[in-house]
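J.: Protein chains in written order, with the working numbering: chain A, 325 to 483; chain B, 730 to 905.
Since the hints were derived computationally from the structure, they do not count as laboratory data.
With beta-carbon atoms standing in for the labels, derived distance ranges: (1) 903/B / 382/A: 35 to 45 Å; (2) 435/A / 843/B: 51 to 61 Å; (3) 843/B / 440/A: 53 to 63 Å.
Straight-line distance between alpha carbons at most 25 Å, and here's what the computed BS3-like set of lysine-lysine pairs gives: (4) 424/A / 766/B; (5) 766/B / 406/A; (6) 406/A / 829/B; (7) 817/B / 900/B; (8) 395/A / 829/B.
Covered stretches of chain B (in silico footprint by chain A; criterion: 3 or more residues with CB under 8 Å from a CB of chain A, positions within the stretch not fixed): (9) 753-761; (10) 859-871.
Idealized CB from N, CA, C, for every residue including glycine.
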Amino acid sequence: MLRKFVFSCLLAVMLAPAFAKEAASVAADPVAEARLMKLSSELRCLVCQNQTIADSNAELAVDLRNEIREKIQAGMSDAAIKDFMVDRYGDFVLYRPPVKSTTLVLWLGPFLLLAVGGGVLVFNLRRRRQSVAEPELSRDEQALAESLLQTDKIKETTT
Amino acid sequence: MKAWYLIPLAVFIAMLVFLGVGLGLDPHEVPSPLIDKPAPVFRLQTLEPPSRLLSSEDMRGQVWLLNVWASWCSGCREEHPVLVEFAKTRVVPIVGLDYKDQPDDARRWLANFGNPYVASVSDLDGRTGIEFGVYGVPETFVIDKAGVIRYKQIGPITPKVLHDTILPLVKKLNAA
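Just chain A, with the same shape it has in the complex:
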């Protein structure tokens, strides 16, 4: 618990310089700033690609955060701001891409693979059960086995 607290303090101190440039507006309107952080954490920075606009300190990300901040102040809805971004940078900016014909493989692919894997698993399990199942003895074989066991027992007692 304490360790977590210390860690988050350290993190805050480390991140402070990164946000220094935006400090004034944070103080100005914490609600808008929270919205900005939430929105920009769902948008991809196209320069670094594996970071969100919220995380990235690339110059474009800083510019885009400012752009989004202004749009929030102008009273635009989150959806309208996202549309603004998509209109310019494409669906790629969204960390949660919309379900469309072009993204169908992306959305359904994993389930398809799961189904194929499950199918293969069931098929193999069935086959294995069949091959492992003990063959039943016929009546003659049963008798033979019993007599053999019997002779063994006699041998044991005689020796």
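Starting from the structure of chain A, add chain B where the hints point.
T.: What follows is chain B alone, placed relative to chain A:
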């Protein structure tokens, strides 16, 4: 029965093919949603003379290229000689969008390396760049007579891109 053992091999080969294709793709090239959409309108100060304003509307009625560049951009340095050579042919006017740059640096840069542009405008705060969905300079847009974006080149224009893609497109658009 034996065929079953070939399945992992087949899967492996399929993955190799996918990886091989993936290696040849540039993940930084994101298809622009602006293709076949009207180019965003801008009205910005030109580098030379500094007081003049140039609007994208001024280019209406002709096919033109918008080349996004900056003096701090190394890819632009690579692309610049290609543009300078190309500008001499006067096939199509090239407008420069000097993206997030110091106008003084930009003017010096043009003086040193040559000026292929009919005009360059200053996008000091990168706003116009955002309107055009710019994320990696240099970028070049081919815009038709009606002001519609027809092609976007991300990264430096190479002689190959110029001759195989941009020139044929410009000719086609000019004929239209």
